[in-house]
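Quick mapping for you: the protein sequence lines, in order, are chains A and B. The UniProt record's numbering puts the first residue of the first sequence at 1, with every later residue one more than the last. The UniProt record's numbering puts the first residue of the second sequence at 1, with every later residue one more than the last.
None of these hints come from the bench; they were simulated from the model. Treat the hints with care, since some could be wrong.
If chains are identical, the list can't say which one is meant, so a pair holds when it fits in one copy or spans any two.
As the list claims (entries may be wrong) - No more than 30 Å apart at the CA atoms, straight line, and that leaves these computed lysine-lysine pairs for DSBU-like:
1) Lys18 - Lys41
2) Lys18 - Lys56
3) Lys56 - Lys41
4) Lys47 - Lys18
Protein chains: 2
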Amino acid sequence: MKESGRKHGALSPCAACKLLRRRCAQDCVFAPYFPADEPQKFASVHKVFGASNVNKMLQELPEHQRRDAVSSMVYEANARVRDPVYGCVGAISSLQQQINSLQTQLAVAQAEVVHMRMREFTSSSNTGAMDMAVNQDNMGESLWSC
Amino acid sequence: MKESGRKHGALSPCAACKLLRRRCAQDCVFAPYFPADEPQKFASVHKVFGASNVNKMLQELPEHQRRDAVSSMVYEANARVRDPVYGCVGAISSLQQQINSLQTQLAVAQAEVVHMRMREFTSSSNTGAMDMAVNQDNMGESLWSC
């Protein structure tokens with residue numbers, strides 16, 4: 001596992017332990033995901049979820065899923081810091097509106113395609129009839145010219 | 001403000017105070033949003049954000065925004081309980097994929113509309129030319145018939 005920003009055996013604590021003013025143990029659950037050089041990441045999740053909850057949530061997950069869990073928690077926490085009322089639910093709502101708008105535009109465009117295909121079909125049927133008429137004219141003409 | 005599920009002056013605590021086993025004060029910040037008959041709402045936000053953080057986040061907001069903030073926190077917390085790795089960021093990612101797919105479908109449909117319009121235009125130009133040819137034939141015919 002990558003332990004970026006942390007020196008093995010050194011006294012340099014991870015961003016979480018630094019903020020919580022505690023000793024950063026060799027097996028610190030935060031250290032692999034909250035390097036000392038990115039203090040804002042932990043500050044956000046601590047403010048929104050609380051260090052104890054983040055610790056508990058990470059402990060309940062297998063190690064290979066913890067990095068993704070931290071990324072999603074940092075994303076959620078940053079969204080909540082930016083928008084304390086709606087957090088990332090605001091983003092969900094805005095994406096759903098975008099989906100509704102795209103679905104409407106798509107329905108309009110597809111209806112236009114169907115409409116144009118029908119018009120094209122009708123027009124080609126008429127052209128077929130006209131071709132026949134033209135051919136009859138030609139026949140008439142060739143009769144005249146005989 | 002609606003204080004659903006809570007009896008004024010009675011001893012019945014809100015769902016938050018019941019879970020936290022504390023006295024539910026008349027001005028309890030949780031009571032208007034976490035009625036006793038919906039204990040799961042508070043259980044989720046407590047598990048994910050922690051009662052103390054929820055309290056702090058509500059206190060930092062004007063009262064008219066607190067109901068929306070609670071709704072979005074409950075939504076987020078439920079998403080995190082269902083999916084401890086991605087939480088509602090999983091929903092965001094899936095909505096973004098849906099948007100990408102809709103944008104592609106829309107681009108295809110719109111390209112087809114443009115293509116059909118061009119074909120229709122070309123076809124009507126040709127029909128125009130053919131009409132002229134037919135008219136010339138008719139003129140020829142009328143010359144013959146003179």
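**Asked** In ascending order, which of the hints set out earlier in this document are inconsistent with the structure?
**Response** none
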